[in-house]
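Asks: For reference, the chains in residue letters:
Protein chains: 2
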Amino acid sequence: MNFTIQNVLISIDDAYLTVDVQVVNDKIAAIAPNLDVIGTTFDGSNKLLLPGFVNAHTHSSEMWQRGIMSIFPLELWLAELYDFAPLDLEKVYLSALGTAVETLLSGGTSVVDHLVLTPGLELETIAAAVRAYREVGIRAFIAPLIQDESLSAGIPSGKSVQNHDPYFRSTAATLQIIEEAVKQFHRPDEGVNILVAPTGIQLCSDALFTGCIELSDRYNLCRHSHLLETKAQEKLAQEKYGCTAVEHLQRIGYLGDRTSLAHCIWLNDTDIKILAQTQSTVVHNPLSNLRLGSGIAPILKYLQAGVNVSFGCDGASSNDSQDLLEAIKIGSILHNITDLDYQNWITPKKSVEMASLGGAKGLNVAEKIGSLSLGKQADLVLYDLTSLSLLPRTDPIGLLILGRPTNVVHSAWVNGKQIVSNHHVNTINIDKLRQELFNRSQWETKRKSPSVAQIETHYRQIMDL
Amino acid sequence: MNFTIQNVLISIDDAYLTVDVQVVNDKIAAIAPNLDVIGTTFDGSNKLLLPGFVNAHTHSSEMWQRGIMSIFPLELWLAELYDFAPLDLEKVYLSALGTAVETLLSGGTSVVDHLVLTPGLELETIAAAVRAYREVGIRAFIAPLIQDESLSAGIPSGKSVQNHDPYFRSTAATLQIIEEAVKQFHRPDEGVNILVAPTGIQLCSDALFTGCIELSDRYNLCRHSHLLETKAQEKLAQEKYGCTAVEHLQRIGYLGDRTSLAHCIWLNDTDIKILAQTQSTVVHNPLSNLRLGSGIAPILKYLQAGVNVSFGCDGASSNDSQDLLEAIKIGSILHNITDLDYQNWITPKKSVEMASLGGAKGLNVAEKIGSLSLGKQADLVLYDLTSLSLLPRTDPIGLLILGRPTNVVHSAWVNGKQIVSNHHVNTINIDKLRQELFNRSQWETKRKSPSVAQIETHYRQIMDL
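Chains as they are written, first to last, in my numbering: chain A, 1 to 465; chain B, 1 to 465.
Incorrect hints may appear among the rest.
What follows is a set of in silico ranges between Cβ atoms, one per label pair, in the way DEER data are often shown [what the hints assert, rightly or not]:
no.	chain 1	residue 1	chain 2	residue 2	range
1	B	D14	A	N422	35 to 45 angstroms
2	B	N34	A	T41	53 to 63 angstroms
3	B	Q343	A	A276	35 to 45 angstroms
4	B	T457	A	T347	20 to 30 angstroms
Using 27 angstroms as the maximum straight-line C-alpha spacing, the simulated BS3-like pairs for lysine-lysine come out as follows [what the hints assert, rightly or not]:
no.	chain 1	residue 1	chain 2	residue 2
5	B	K349	A	K446
6	A	K349	B	K448
7	A	K301	B	K159
8	B	K350	A	K446
9	A	K417	A	K376
10	B	K301	A	K446
11	A	K301	B	K231
12	A	K349	B	K446
13	A	K350	B	K448
Rather than coming from a laboratory, the hints here were simulated on the basis of the structure.
Keep in mind that this is a model prediction, so the values were computed, not measured.
Backbone N, C-alpha and C define an ideal beta-carbon position, used for all residues, glycine too.
Just chain A, same shape as in the assembly (with noise of 0.2 angstroms):
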């Protein structure tokens, strides 16, 4: 698509710029003062014009469990999450739909999808969302959530001797899934990626990692994981290897710079220190890690010690939402009490870095977005300001990031094609998909999670509760 966005503000250095950006076949062409009008022309004036954030880390099906997950720290949650677990290739459609949504509605223009597979239809839940992303026109990055042990192989033993079931499936079976995955859906250049992602050190044997390895280099994917969420883990790490998570991945090749993992709270400095040299990215998830309990990830040593970080909604069961500038408000000013000095604290600007860049390069695609650069693809996100949620006119970015804006995108393109006008998604009917949403749901109350039933003893045990 060639456009033409005139008279839009932009933020360069301390400054903010009124400009026209020319978008020439899918690409920003020239961002410059009163520029000729090509292609189509779009209203910027009383709008700020930001490069699309990324959701780096989710998991849309859990959208259907929002609301109703107990409050539960991650081991149990998981247990009862995978007790009510939706089946229905249907739901991940409908799920994936609405992921995108909202994050597309609160500055997204790329989702990574950690997405769960039903068991024996591993393809056609990956098929499922790709058809949602598709429709949408969101980025999508595909992480099919695999593992190859069984979930309470996640909790470490600690004094007892646990027996675990095998897992359903077998390693190698899995890697063919995923494997086959890639030849069928992963397009780059049509927005639609294929990741290699084992859930994490916890459900994964090395066998799996290493398969993930060799699928990543074969095909240039990306890597996806967990890493080291809750301090169960960090003990299951030691119990499984002796040494830190983050020294097993590095060592067994994981680690690099197409390698983004998602939570990273119960690291040392030393594992900081291993993040940095093999330029790995972390996938700050804030909300969730507070609903978990799971802790506060040192985000500002990170930042310190050079490790690039993106921010996530995680999955919409510990969150519950999927909006993205809730998490990149909470992501930047919580870690302001984990350190005195002020002078390290995240500024908004550092935050539409972090969200935008940030997300880019941990997808191995900061050459292509994540900053109105020319050359760039228009993954563009146009805010408005004269929302009463960015009113009175302040500092743009400042009020974007720090507030709580509502209903505040205008427009967005995502590979030069609007999908976003005048605050409505215009690709897919959000009226049929709420009604969608609401007809294959209920409201309830609590439910009881038999899984949960069988671990909590063993849970309250080894973390000395």
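Got chain A; can you put chain B on it based on the hints?
Replies: Same frame as chain A, now just chain B:
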């Protein structure tokens, strides 16, 4: 007003029931299925009815500087704030309108405005805020912010000798203003209340506190104050009194069941017992506390000790919004990282109780508002459960509190009068408010604060930075 809300969802114990709610003469008269219709009918289907929440601490005029304040700790932030404080009474009026609207559209039907007074125009400032709150129709608790020491006195001296300018107005003159405000504006039956509200021990003499206690007793006024928001204030209390601020306030008689205290971060276990014994209320302002790096208030300890806790947004320059649902969400999940035992964590239903009944208790009106109880005034909020942000249907209260509700307040009544209908505030013209906020402001970037330049070196020394 008389009206009947039909077929509405309410929460009772661990279940949701569909009922009718009758309001007669502005009071809740009956709650049961299939009631006779009295007065106007409202369709409650697919909606959730909750008591209105209390925005239990804010400073409305800070709206003018939201988004632009430097990323500073309280003491420096305050110096910057006052260097750029607006003086214009029309601005005071407009920001009170904005504060009321954002509070209402996020579930609040009452607001405590710790109102910054324009020097020399103190009663006019209060009059401007009263006018705004009366126009909107929100229940207003106006707490004129007073002090009798100059700003620099709020920072500990440490080993240096600090001289402070005397405050521009005498203690007696300040107390006279408050008494006059009570006479002119304190009309509890009309929804306008005046509170005594010394800003805090950091800038107030004992004479000012004592004078406020006398006024509070004479006119039956609630008491409000900031308390131990920062580590610097904890140090200052020791310098000033040789004991903790809580011990001192107890000694001079400021604490009690009509006293609400904003922040309460740096309290020790003895202090917490004193708050419980005196039945004082803690107002938790989690977003401001993170933004300013003040710390995490020990809310789980307060709840365990039996201290009443409510939620506030704090002023919009330290938040930078007046969205009460955001403050409730973060103020609930934030504490999960402070206690490994999830059995102590705050559930969404508890959050609702804190935000409604907790707020009412802190203002000595728990007999009148704060719950869906027969005989209480109709301060009610109806949430639209077909909003995308409250779908799919799961646990409505869980999703309202833990999600990121957007445009969910369908209707709101204060004292039986409907002031939000079909998602719109119907008492004032919101477009005109937006236009006024727009016209009286301009986009800008960071400013230089002369007061910060004066005190920063001393502040860094005192805080060992």
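Asks: All the hints need checking, so say for each whether the structure fits it.
Replies: Status of each hint after checking the structure:
no., hint, in the structure
1, B:D14 / A:N422: 35 to 45 angstroms, "holds, 43 angstroms"
2, B:N34 / A:T41: 53 to 63 angstroms, "holds, 58 angstroms"
3, B:Q343 / A:A276: 35 to 45 angstroms, "holds, 38 angstroms"
4, B:T457 / A:T347: 20 to 30 angstroms, "holds, 22 angstroms"
5, B:K349 / A:K446, "holds, 12 angstroms"
6, A:K349 / B:K448, "holds, 18 angstroms"
7, A:K301 / B:K159, "violated, 32 angstroms"
8, B:K350 / A:K446, "holds, 14 angstroms"
9, A:K417 / A:K376, "holds, 14 angstroms"
10, B:K301 / A:K446, "holds, 25 angstroms"
11, A:K301 / B:K231, "holds, 22 angstroms"
12, A:K349 / B:K446, "holds, 12 angstroms"
13, A:K350 / B:K448, "holds, 20 angstroms"
Comparing the model with each earlier hint shows a violation of hint 7 alone; every other hint is respected.
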